[in-house]
Amino acid sequence: NAPLPNGSVFAFDPRTLAQKGYFAVTPDQGSQQGGGVWQGGAGLAYGPDETGADYIYFNTGNGVWDGSSNLSDSFVKLNQTPNANGLLTWADYFTPADQYYRSCKYPNYTDLDFGSGGVMLTPSTANWSSIAVTGDKSGGLWAMDLKSPGEFTDHSVCDVCPPSGTSCTNTVKSNNLQTVWVGGSNTGPVIHTNPAYWNNYVYVAPQSSVLSQYQLCSVSSGSPFCYNTSVPAVDQSGNQVTFTYGATPFVSANGATNGVVWAIVADGSAQGSTDGVLYAFNATTMTGLYSSNNKTCTKDAIGPAAKFSIPTVANGYVYVGTRAQPTVNNGNAGMFYIFGLNRTCQ
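Each residue of the sequence shown is one higher than the one before, starting from 287 at the first, in our numbering.
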């Protein structure tokens with residue numbers, strides 16, 4: 287079993303780039319003991335909890351855990367101001383009840399990182415301003431209370447690495463608000479990406495699965511997600527689109543109207559070897575609006591897309607970066623595509 291990479295968070299002065307603070311996920315366990323901060327390529331999240339104070343939020347991967355200094359497989363709420371020793375400290379955290387099982391090593395390897403997806407904070411102008419949404423490797427879409435994520439509860443049912451072929455069901459949870467299992471159970475599709483939010487909807491595209499819309503209903507009930515309201519995205523022919531390695535969607539809109547969900551299908555390899563496809567869906571109905579492999583617009587085709595590729599939308603344009611194409615510059619240069627909205631196909 288290969289050693290697990292350590293996770294760290296650094297704080298730098300934005301003008302001088304001098305280091306201002308440091309946080310180690312597993313500081314007491316030596317090197318290569320896990321708690322990596324990878325989040326499927328997503329960055330750190332930052333914003334206020336219900337008290338109005340700002341914090342930094344992120345997820346950690348497999349590794350050692352003790353609930354005090356070592357916080358692998360956890361959602362971490364980090365204080366933004368270093369202490370006198372220049373160390374960043376956690377303000378709170380959430381760890382799923384089956385953390386030990388998630389980090390099992392060979393021969394009973396499970397590799398079910400909690401930190402495979404990034405953290406998304408809902409807007410401060412919405413009713414969900416105290417909520418963080420994140421996904422994990424077992425297909426869980428989690429809703430967190432930012433003020434009090436819940437830390438950890440007894441998980442004795444999951445305290446051993448079970449023999450091959452058996453599983454540990456995460457029936458005992460900490461004080462998180464809600465978990466929606468994307469595939470219907472805790473063996474659902476892996477979520478390697480960041481969710482997106484618009485107008486009380488959450489959008490997520492797991493690995494080898496479809497981009498789906500989940501509606502937020504009532505935080506006061508303790509269950510923000512409306513159950514049985516997942517809506518899958520379909521292309522212009524009405525077919526569901528499979529995202530081989532998942533996708534981080536991007537939503538463009540005019541306030542609460544004209545919402546469009548953009549996402550890139552990549553082939554799932556580390557660097558991308560086959561052409562990607564840029565899709566656009568109606569953010570309310572999840573019906574297809576556009577795809578770059580449309581036969582009537584052959585010049586819209588894009589090159590190979592690396593996993594975790596994210597489109598950017600600004601000022602009426604969509605920007606997409608891809609890897610090298612064999613027929614362009616001897617295959618030695620990546621490509622940067624700029625799509626104009628409301629244009630005529632040429």
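Keep in mind the hints are simulated off the structure, nothing from the lab.
Any given hint might turn out to be false.
[As the list claims (entries may be wrong)] SDA-like mimics (lysine to any residue), calculated; alpha carbons at most 20 angstroms apart, straight line: (1) Lys585 / Gly545; (2) Lys306 / Val323; (3) Lys306 / Thr337; (4) Lys306 / Leu364; (5) Lys585 / Ser538; (6) Lys585 / Asn544; (7) Lys585 / Ala542; (8) Lys433 / Lys585; (9) Lys433 / Asp521; (10) Lys433 / Asp340; (11) Lys306 / Gly353; (12) Lys433 / Asp561; (13) Lys306 / Gly327; (14) Lys306 / Ala377; (15) Lys433 / Asp397; (16) Lys585 / Thr570; (17) Lys433 / Ser410.
Everything numeric in this text was worked out from a predicted model, so none of it was measured.
Status of the hints after comparison with the structure:
no., hint, result
1, Lys585 / Gly545, "25 angstroms, violated"
2, Lys306 / Val323, "19 angstroms, holds"
3, Lys306 / Thr337, "25 angstroms, violated"
4, Lys306 / Leu364, "14 angstroms, holds"
5, Lys585 / Ser538, "23 angstroms, violated"
6, Lys585 / Asn544, "26 angstroms, violated"
7, Lys585 / Ala542, "32 angstroms, violated"
8, Lys433 / Lys585, "49 angstroms, violated"
9, Lys433 / Asp521, "39 angstroms, violated"
10, Lys433 / Asp340, "11 angstroms, holds"
11, Lys306 / Gly353, "25 angstroms, violated"
12, Lys433 / Asp561, "43 angstroms, violated"
13, Lys306 / Gly327, "23 angstroms, violated"
14, Lys306 / Ala377, "18 angstroms, holds"
15, Lys433 / Asp397, "29 angstroms, violated"
16, Lys585 / Thr570, "28 angstroms, violated"
17, Lys433 / Ser410, "14 angstroms, holds"
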